[in-house]
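**Student:** For the record, the sequence lines run as chains F and X.
Position one of the first sequence corresponds to residue 4 (our numbering), numbered consecutively onward.
Position one of the second sequence corresponds to residue 4 (our numbering), numbered consecutively onward.
Derived from the structure by calculation, the hints contain no laboratory data.
Just so you know, not all the hints are guaranteed correct.
One copy or any two copies: either way a pair holds, since identical chains are not told apart in the list.
Stated by the list, open to error - Simulated pairs of lysine to aspartate or glutamate, EDC-like, Cα-Cα distance not exceeding 16 Å:
1. K49 with D62
2. K234 with E200
3. K119 with D233
4. K5 with D42
5. K99 with D29
6. K63 with D209
7. K99 with D62
8. K118 with E21
9. K119 with D138
10. K132 with E21
11. K99 with E273
12. K277 with E21
13. K277 with D169
14. K63 with D86
15. K49 with D264
16. K277 with D86
17. K5 with E268
18. K132 with D169
19. K119 with D221
20. K292 with D244
21. K203 with E224
Since the model is a prediction, treat every value here as computed from it, not as a measurement.
There are 2 protein chains.
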Amino acid sequence: MKTMVVGGAGFIGTHLCEALLNNGYDVICVDNFSLGDSDHVNHLIKNAGFTLIEADASDKTELDKVFADYTPEYVFHLAANSDIQASAGNPEVEYKNTYSTTFQILDCMRRYGVKKLFFSSTSAVYGDKRDEVLDENTSNLSPISYYGAAKLGSEALISAFTYMNDLSSLVFRFPNVIGPGLTHGVVFDFMNRLAIEPGKLRILGDGRQTKPYIYVTDLVEAIIQFMDADKGVTLYNIGVDGATSVTSIADIVAEEMGLKDVKYEYTGGEGGWKGDVPRFKYCIDKVHKAGWSAKYTSDEAVRMTVRANLGGSVRE
Amino acid sequence: MKTMVVGGAGFIGTHLCEALLNNGYDVICVDNFSLGDSDHVNHLIKNAGFTLIEADASDKTELDKVFADYTPEYVFHLAANSDIQASAGNPEVEYKNTYSTTFQILDCMRRYGVKKLFFSSTSAVYGDKRDEVLDENTSNLSPISYYGAAKLGSEALISAFTYMNDLSSLVFRFPNVIGPGLTHGVVFDFMNRLAIEPGKLRILGDGRQTKPYIYVTDLVEAIIQFMDADKGVTLYNIGVDGATSVTSIADIVAEEMGLKDVKYEYTGGEGGWKGDVPRFKYCIDKVHKAGWSAKYTSDEAVRMTVRANLGGSVRE
C-alpha cells in the first residue's frame, strides 16, 4: 500500500516513516523542511519504497501537485507547528502550519478520492481542565493556546470531511512525545542549556508543571496497530502511566549528563508560558481496552530520551 | 461606543446594525458584498453614526487597514458563508469566508487591543445528534457539514484568543434565522419558486426535516441584551419554542401567497442534501434562565417572514 506521511521529516514523522517501511508499506514523505529536516530521513532514502518530496502542505497548488503525482491510499497527517511556546506570540503560525495544512490535505483527499487518514491531535484541545480526568467524551473543549485551537479546528474539519466523503479517519490525542531525534521541548532545551552551561539551569514556571511524556516508538506502534480504522472517525486519547514534573526532568537530565549540584533558577508562576497547561490527568482506558498500552512510563521515556540523545541522535 | 459589525450588510447584520444605531451606538459596517449587499444598508447611510466600509475580512491587509482607520471597542463578527447547501460541493468557501474571517478578525483584535467580541455560531457545530437534547455541555461535537466545521473551528479560535488576550466574548449558537430581508434558505426558495410556478413545488428530502426557526428581531434583541459579557467566553444556545417541518413551511408559504392545490414533488431521503441535519432538539434553558426568551414561536416566525417578504422586503 502506498502511504503518504505529511510532516514526514519531523520528529514523529521520521519514526513513523521508518516503521511504515519496516511493515512493508511504500512511503511518500512530504515535508516543507520548516521544522523537519531532510537530514532526518537521509538514512531512509536508499530504501526503494521511500520517496522524499519537498512541498508546503498549506499551499493548495503545491500539495495538489503531490497528490496528482503520487496519489496515495493512506495519508498520515503530522504536519503542524509543534512548538506551542513559539506560536504564543504569533498565532498566524498555527493558522498556516497547523490548520491550513489540515484543510488542504483533506481537500486533496476529497478531490483525489483518498479514503484513509491518520491525524495527530493533542491533549491541548481540552484546554486547562486540571481538575478533571480527560477522556474522549469530555465536553466543553476550550483550548487556551493557538496550537490547541488549530488542532481542535482540524478535528472539526476531519469530522465534516469524513462524513461528506466516507473517509476512515483515525485521530490520536497525545501528550508530549519524546525520544531519539527530538527537535524541541523541555527535555531538548535542558540538554542543550546544560551542555553550554553545566552549573545552572533556568526553568520556566515553578517547575511543578507535571505532564505525561510518551516515548515516540510507543506512539508509532499505536498508530500502526490501529491504522486500519473503520469508516467514520475513530478517536483515542493516547498516553502513558504516570507523569513527570519539570523539576524531575531537570534532575534526570542532570543525572544522565553526570552533573552534580546544578543550580535551578525558576522564573516562577504555574505555567511555563501563557497558554501552557501546567498539568492534566488523562484517561486512557479506551485505547487500553482496544488492546494497546505503552511499554514505557513517563519517567522512563524521559530517561531513555536523554540517553538516546546523549548518544548523538539529538538533531538540531 | 464605537462598534464594528463584520458582515454587517448581510441578512442578520443589517438588522443588528439598525438595532445598534437605535441603541445609540456608532456602527462601522464592514462587508465584502459577496452575500451582503450595499442596498441592504442604504437606508442607514443617512445616520451620522453609521459608516459603511467595503473590505474582505478574510484578507489580512484589507482588514488591518479597517482596524487601523476605525479601531472599534466592540466587534460583532457575523461574516460567514451562510448557505450551507452551497458549500457542500466546495469546502474552500467555508475555509475562506467562515474560518479565515474569524482568524483575521481575532488577530486584528489582538494587535489593536480590542477586547469585546460577539460571534454568531450555529447548531451545526453539534453534527447529527437527532436523538439527543443539545445543550451547551453536549460532548463529542461532530459537525457533518463544512459550514459546521468552520464554525466549530472558529469557536476554538475564540477560546484561545480570549484566554491569551483577556477578551470578553459572547458566542450564540443559533438555528435557522428568518425574517424581513432574507437572502436564502428554504422559506426564501419556496417563495421564489412558487412566484415563478404557482402550481407545483419541488421539495428537497421527504419534507419531514423539522427545525426551529427564529425570527431575526428576536435574535438581535438577545445579542443586545447580552452584549456586555464578562471576561472569558460566554456561550448560549439561542432558540425558540417549537420547530417547523419543511412541508409545514410549504403549506404556510402557499397559504400566505393565496395558492391552493400546490403539488409537492419530494426529492426523497431524510436530509435536504448531504451535510443537512434533518432534525434536532435544542435545550435553551440556559438563556431562558439568564432572562431572555423569544417572542415568536417557530411557526409564527415562518408566517411573519412570508408576510414581511410578500410585502416587498425580500432582497435579492
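**Student:** It remains to establish, for every hint, whether it holds in the given structure.
**Tutor:** Evaluation of the provided hints:
1. Proximity of K49 to D62 under the C-alpha cut-off of 16 Å is found in neither arrangement, the shortest distances being 28 Å within a copy and 44 Å between copies.
2. For the identical chains of this complex, K234 and E200 are neighbours neither inside a copy (52 Å) nor across copies (43 Å), given an alpha-carbon limit of 16 Å.
3. In this assembly of identical chains, the alpha carbons of K119 and D233 lie at most 16 Å apart only when taken from the same copy (9 Å versus 43 Å across copies).
4. In the homo-oligomer, the alpha carbons of K5 and D42 never lie at most 16 Å apart, since the shortest distance is 23 Å inside one protomer and 54 Å across protomers.
5. Taking CA atoms no more than 16 Å apart as the test, K99 paired with D29 passes in neither setting, with 28 Å inside one copy and 34 Å between copies.
6. Neither within a single protomer nor between protomers do K63 and D209 lie at most 16 Å apart by alpha-carbon distance, with minima of 43 Å and 38 Å respectively.
7. Taking the shortest alpha-carbon separations for K99 and D62, both the intra-copy value of 9 Å and the inter-copy value of 14 Å come in at or below 16 Å.
8. For the identical chains of this complex, K118 and E21 are neighbours neither inside a copy (22 Å) nor across copies (47 Å), given an alpha-carbon limit of 16 Å.
9. Taking the shortest Cα distances, K119 and D138 never come within 16 Å of each other, neither inside one copy (24 Å) nor across copies (32 Å).
10. Taking the closest pair of Cα atoms, K132 and E21 never come within 16 Å of each other, the shortest separation being 35 Å inside a single copy and 40 Å across copies.
11. Within a single copy, K99 and E273 get their C-alpha atoms no closer than 29 Å, and across copies no closer than 37 Å, so neither meets the 16 Å cut-off.
12. Taking the shortest Cα distances, K277 and E21 never come within 16 Å of each other, neither inside one copy (35 Å) nor across copies (39 Å).
13. Taking CA atoms no more than 16 Å apart as the test, K277 paired with D169 passes between copies only; the shortest distance there is 11 Å, against 39 Å inside one copy.
14. Taking identical chains as interchangeable, the C-alpha atoms of K63 and D86 are never at most 16 Å apart, the minima being 23 Å within one chain and 24 Å between chains.
15. In this homomeric assembly, K49 and D264 never come within 16 Å of each other (Cα to Cα): the closest approach is 46 Å inside a single copy and 74 Å across copies.
16. For the homomeric pair K277 and D86, the shortest alpha-carbon distance inside one copy (13 Å) is at most 16 Å, but the shortest distance between copies (37 Å) is not.
17. Taking CA atoms no more than 16 Å apart as the test, K5 paired with E268 passes in neither setting, with 50 Å inside one copy and 46 Å between copies.
18. Within a single copy, K132 and D169 get their C-alpha atoms no closer than 33 Å, and across copies no closer than 18 Å, so neither meets the 16 Å cut-off.
19. Taking the closest pair of Cα atoms, K119 and D221 never come within 16 Å of each other, the shortest separation being 22 Å inside a single copy and 44 Å across copies.
20. For the homomeric pair K292 and D244, the shortest alpha-carbon distance inside one copy (15 Å) is at most 16 Å, but the shortest distance between copies (43 Å) is not.
21. For the homomeric pair K203 and E224, neither the shortest alpha-carbon distance inside one copy (37 Å) nor that between copies (60 Å) is at most 16 Å.
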